[in-house]
Amino acid sequence: MIDQEVLLKEKGIRPDQVVDVLALSGDVVDNVPGVPGIGNKTALELIQKWGSLESILANVDHISGKKRQENLRLFTDQARLSQNLIRLHSNIPLQINMDTCKFHNIENTKLKKLFMKFGFNSLLTDMVATAKTEETHYKLINTPERFDEFFDQLIKQRIFAVDLETTNINPLKAHIVGISFSWQPKEAYYIPFMGPEGIECLNPGTVLPKIRTILEDENIKKVGQNIKYDLLVLKNNTILLQGIVFDSMIASYLLNPIKRNHNLDDIALEYLSYKTISISELIGLGKEQITMDQVDINKVCQYACQDADVTFRLANLMEPLLKKQGLWHLFQMVEIPLIYALANMEWNGICVDAAILHKMSDSLTTRLQQFEKEIYTSANQEFNIGSPKQLSEILFEKLELPQLRRTKTGLSTDANVLTTLAWHHPLPKLVLEYRQLIKLKNTYVDALPNMIHETTGRVHTTFNQTVTATGRLSSSEPNLQNIPIRADIGRQIRSAFIPCEKDSVFLSADYSQIELRILAHFSDDTALVTAFQQDKDIHVSVASAICGIPIEQVTSEMRRNAKAINFGIIYGLNEYGLSRDTGLSLKDAHDFINAYFSLYHGVKRFKDTVLEKARSCGYVKTLFNRKRSIPDLNSENKKRRNLAERIAVNTIIQGSAADLIKVAMNKIHTKLIRGGYEAKMLLQIHDELLFEVKENALTLTRSMIQEEMSNAVTLNVPIKVNIKTGKNWMEAE
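For the sequence shown, my numbering assigns the number 47 to the initial residue and increments by one for each residue that follows.
Hints were generated in silico from the structure; no laboratory data involved. A quick note: this is a predicted structure, and the numbers were derived from the prediction, not measured. A hint or two may mislead.
Using 25 Å as the maximum straight-line C-alpha spacing, the simulated PhoX-like pairs for lysine-lysine come out as follows [to be verified]:
| id | residue 1 | residue 2 |
| --- | --- | --- |
| 1 | Lys333 | Lys219 |
| 2 | Lys713 | Lys766 |
| 3 | Lys659 | Lys370 |
| 4 | Lys454 | Lys57 |
| 5 | Lys667 | Lys650 |
| 6 | Lys740 | Lys685 |
| 7 | Lys454 | Lys435 |
| 8 | Lys685 | Lys633 |
| 9 | Lys345 | Lys321 |
| 10 | Lys345 | Lys219 |
Label-pair restraints from in silico Cβ distances [unchecked claim]:
| id | residue 1 | residue 2 | range |
| --- | --- | --- | --- |
| 11 | Leu689 | Thr337 | 37 to 47 Å |
| 12 | Ser433 | Glu523 | 22 to 32 Å |
| 13 | Lys633 | Leu478 | 17 to 27 Å |
| 14 | Ser681 | Arg720 | 42 to 52 Å |
| 15 | Gln378 | Val513 | 58 to 68 Å |
| 16 | Ser681 | Asn462 | 19 to 29 Å |
| 17 | Gly664 | Lys633 | 32 to 42 Å |
| 18 | Glu262 | Ser433 | 50 to 60 Å |
| 19 | Thr337 | Tyr422 | 45 to 55 Å |
| 20 | Glu243 | Tyr422 | 53 to 63 Å |
| 21 | Leu689 | Ser662 | 17 to 27 Å |
Glycine is no exception: its CB is placed at the ideal position from the N, C-alpha and C atoms.
Produce the entire structure from the sequences given, and follow the hints as far as they go.
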């Protein structure tokens, strides 16, 4: 809060003038439109000079800037409406008895669902905290005698939950602090290997060899939460965890893929109404954070046992839910086996030539300095290119470019906005290119050398199964799926990725237009299906049909426009998006889309059918029955409804493609593990798989990969796989 004196000193206005400033600039949070072309800075300057909104409107002819004058005249009524919307009315009589605002006899089950629906996590936590504390039986196994008793029980179990406590979230850098087990609800055991000085722990060199045979027995079922992490930590300790049948994180994700978090705390709260001990309660946060081996062993025991116990209980609860939702086959046959494939890929890692990246970094620094000069010249002044606020002032106030979208903080200068504005002025394109260069330099060129593992000499990314709502995998630490393939800088970065072993090459296997093929399969559109069955260039075929000309007369520009609409259909592209991407006028873009749907009736029918069913049942599902709820399909808000419609169609296509490549990965992983192929699967980049293969095994491996990827699933159009090889990733593209 600020007082009158501070407001006058910092902003140069009185409290009664704040309303007029906001009437001009608008307020996105409260949906106040304001006057287009006038931001906070200009609004302040105008009020400082003219004193009030009415004075400004009375002196429009004396305001600088033709566009600003035009907007003030055109939006006079809107400015006054905005002023009225913002002004607080303090003279309204309110006769409310506060006692009538109290709620009685609250139904906790309904209230819990309401809190979950709207993301009121703090209220949900408080609600659960008032519930009766559960009685649990958690045992610390820190003596040889206790371990012998525990082990006698463990060897009798055919299924149990297992969870590791470690020193690091990176599984390849983590040391095992302890391990917990549970095979009965509300019962669990914790075996500590590390703890504060003077605390009795067991020797991992004694314990791990004894439990190895159980952990490696595929006939003894294992349950976990994010169990890929435990698998990798154990592998780093020469134990190959087998028999994984359930992961509560993946189960939660399949049951609700649009939920943001699938950590154990949230899942336990949602499905068990159980408030778990947070890890931050044990190790703290930020600079004060410690590692698990420094925490009191009894606290760690309660935490670790709770993790194993809750995970075991969740497995028993969630399995019937998965079956009821028709998700069990996807869970059991696709997602669970994929844990092993992804863990192996993360373990393999990939080699990076740091010298190439260091040289690139120097070159990029020079290029960025050149870009800065070009941007300043185009803007006719220097400014902070990284500041959205300053860029917004240049684009919309100084250059008076079209205002396309507002955010909570002002006019948007995101990539979509700049792409559209690039058709009006050279500055937005320069800023886009500058942003891409600086992002790639910071994210990859400068960062990757520091991410090379000190022991393996490789970069080890993490593949995430439970992040995207469509079922796609994501990659993090570092994200190796986001290196642009078409940009020159992206290709240069890829050239730094090299095979680790001598006499090896990279093999890239890429599904050709898989999402369009899946669209053809679902829509069963005769023209689309025929084009793929005859192995025609689908973009040329579409351009030929829409333009009504022979294939040989299709120009590169026609093909580019057809390609934009082909892929745009999947992502719900409208005439505005097509116009932005191609430079077509809105009318031409509108006509192009209409011509497409008039020729490809099956695609239009497919979209209409998808939306009709989704509005009725509330969700869509992929080829493998992956489900995603679409809450806003029946929204009265047109913008939200349109977005929901785009999401519905996109999820079916993109989600089915994600399922398909996961099936292929599982099959290939099985073949590689069984042996006979001197090859390693390294990366998945959405529709592409990257392998490191010994040159003498290339023919055999190529044939196997082609076979498994092409036949992962049967569609009514051929599945085409493009395979290339090279001495680095760029050459293999």
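Now the hints, each set against the structure:
no.	hint	in the structure
1	Lys333 / Lys219	20 Å, holds
2	Lys713 / Lys766	17 Å, holds
3	Lys659 / Lys370	19 Å, holds
4	Lys454 / Lys57	20 Å, holds
5	Lys667 / Lys650	18 Å, holds
6	Lys740 / Lys685	53 Å, violated
7	Lys454 / Lys435	12 Å, holds
8	Lys685 / Lys633	21 Å, holds
9	Lys345 / Lys321	16 Å, holds
10	Lys345 / Lys219	24 Å, holds
11	Leu689 / Thr337: 37 to 47 Å	43 Å, holds
12	Ser433 / Glu523: 22 to 32 Å	28 Å, holds
13	Lys633 / Leu478: 17 to 27 Å	26 Å, holds
14	Ser681 / Arg720: 42 to 52 Å	50 Å, holds
15	Gln378 / Val513: 58 to 68 Å	21 Å, violated
16	Ser681 / Asn462: 19 to 29 Å	22 Å, holds
17	Gly664 / Lys633: 32 to 42 Å	36 Å, holds
18	Glu262 / Ser433: 50 to 60 Å	56 Å, holds
19	Thr337 / Tyr422: 45 to 55 Å	48 Å, holds
20	Glu243 / Tyr422: 53 to 63 Å	60 Å, holds
21	Leu689 / Ser662: 17 to 27 Å	19 Å, holds
Hint compliance for this structure: hints 6, 15 are not met, and every other hint is.
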